[in-house]
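S.K.: Sequence:
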Amino acid sequence: MDKKFLLKAIIFNTCWVLWIALSVFFGYLIAVRYFADNILIFIPFSLIFMAAGGIAAFFAYRILFKKTGKESVGQNAEYDSKANNKENSDT
Numbered sequence: 001m002d003k004k005f006l007l008k009a010i011i012f013n014t015c016w017v018l019w020i021a022l023s024v025f026f027g028y029l030i031a032v033r034y035f036a037d038n039i040l041i042f043i044p045f046s047l048i049f050m051a052a053g054g055i056a057a058f059f060a061y062r063i064l065f066k067k068t069g070k071e072s073v074g075q076n077a078e079y080d081s082k083a084n085n086k087e088n089s090d091t
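Going by the UniProt record's numbering, the letters in the sequence shown line up with residues 1 to 91, in that order.
If you are wondering where the hints come from, they were derived from the structure by calculation, not from laboratory data.
All of these numbers come straight from a predicted model, not from anything done at the bench.
Glycine included, every Cβ here is placed at the ideal spot set by N, Cα and C.
Any given hint could turn out to be false.
In silico DSS-like links for lysine-lysine, alpha-carbon gap of 30 angstroms or less [to be verified]:
#1 K8 with K66
#2 K4 with K66
#3 K66 with K3
Label-pair restraints from in silico Cβ distances [said to hold, decoys possible]:
#4 L22 with F59: 17 to 23 angstroms
#5 L40 with F5: 16 to 22 angstroms
#6 K3 with K66: 15 to 21 angstroms
#7 F25 with I63: 22 to 28 angstroms
#8 C15 with F35: 42 to 48 angstroms
#9 F26 with K4: 31 to 37 angstroms
#10 F58 with F35: 39 to 45 angstroms
#11 D37 with I63: 39 to 45 angstroms
#12 F25 with I55: 16 to 22 angstroms
Please work from the sequences and hints to get the whole structure.
M.R.: Rendered as structure tokens:
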């Protein structure tokens, strides 16, 4: 596995987990400040923040992990040549 890809994936997933935790925290702060009589109202606010984060994460994933056609063809060609060499050495 490519180290650059692995590093990006770890950072991306860490940010996503932090966003979920912050969504719950910010939802709680809004509920305490504006709806002190019904604290369970923080759930919809948290879900709104999580949905916004999910949309942002989708577009960030599309930008950070996009593959150009040339790179994917080159990687497949390298894999195919290794597979062909292995088959030829067996016979």
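S.K.: So if I understand the rule, the pair passes when the alpha-carbon distance is 30 angstroms or less; does K4 with K66 pass?
M.R.: holds (13 angstroms)
S.K.: Range hint 16 to 22 angstroms: satisfied by the CB atoms of F25 and I55?
M.R.: Given about 19 angstroms between the Cβ atoms, the range holds.
S.K.: Per the hint of 16 to 22 angstroms, is the separation of the Cβ atoms of L40 and F5 within bounds?
M.R.: Taking Cβ atoms as reference, L40 and F5 lie about 41 angstroms apart, which means the hint is violated.
S.K.: Starting from the range 22 to 28 angstroms, see whether the pair F25 and I63 falls in it by beta-carbon distance.
M.R.: About 27 angstroms separates the Cβ atoms of F25 and I63, which means 22 to 28 angstroms holds.
S.K.: Is it true that the C-beta distance of C15 to F35 lies inside 42 to 48 angstroms, as the hint says?
M.R.: violated (29 angstroms)
S.K.: Measure nothing beyond the straight line between the CA atoms of K8 and K66; if it is 30 angstroms or shorter, mark the hint as holding.
M.R.: holds (12 angstroms)
S.K.: Does 15 to 21 angstroms hold as the CB distance between K3 and K66, or does it fail?
M.R.: Given about 18 angstroms between the Cβ atoms, the range holds.
S.K.: Within 39 to 45 angstroms: is that where the Cβ-Cβ distance between F58 and F35 falls?
M.R.: violated (30 angstroms)
S.K.: Does K3 sit within 30 angstroms of K66, going by the straight-line distance between their CA atoms?
M.R.: Given pair K66, K3 holds - Cα atoms ~16 angstroms apart, limit 30 angstroms.
S.K.: Tell me if the beta carbons of F26 and K4 are separated by a distance inside 31 to 37 angstroms.
M.R.: holds (32 angstroms)
S.K.: Is the distance from the Cβ of D37 to the Cβ of I63 consistent with 39 to 45 angstroms?
M.R.: holds (43 angstroms)
S.K.: Is the hinted range of 17 to 23 angstroms satisfied by the C-beta distance from L22 to F59?
M.R.: holds (18 angstroms)
Going through the hint list in order, the structure does not satisfy hints 5, 8 and 10.
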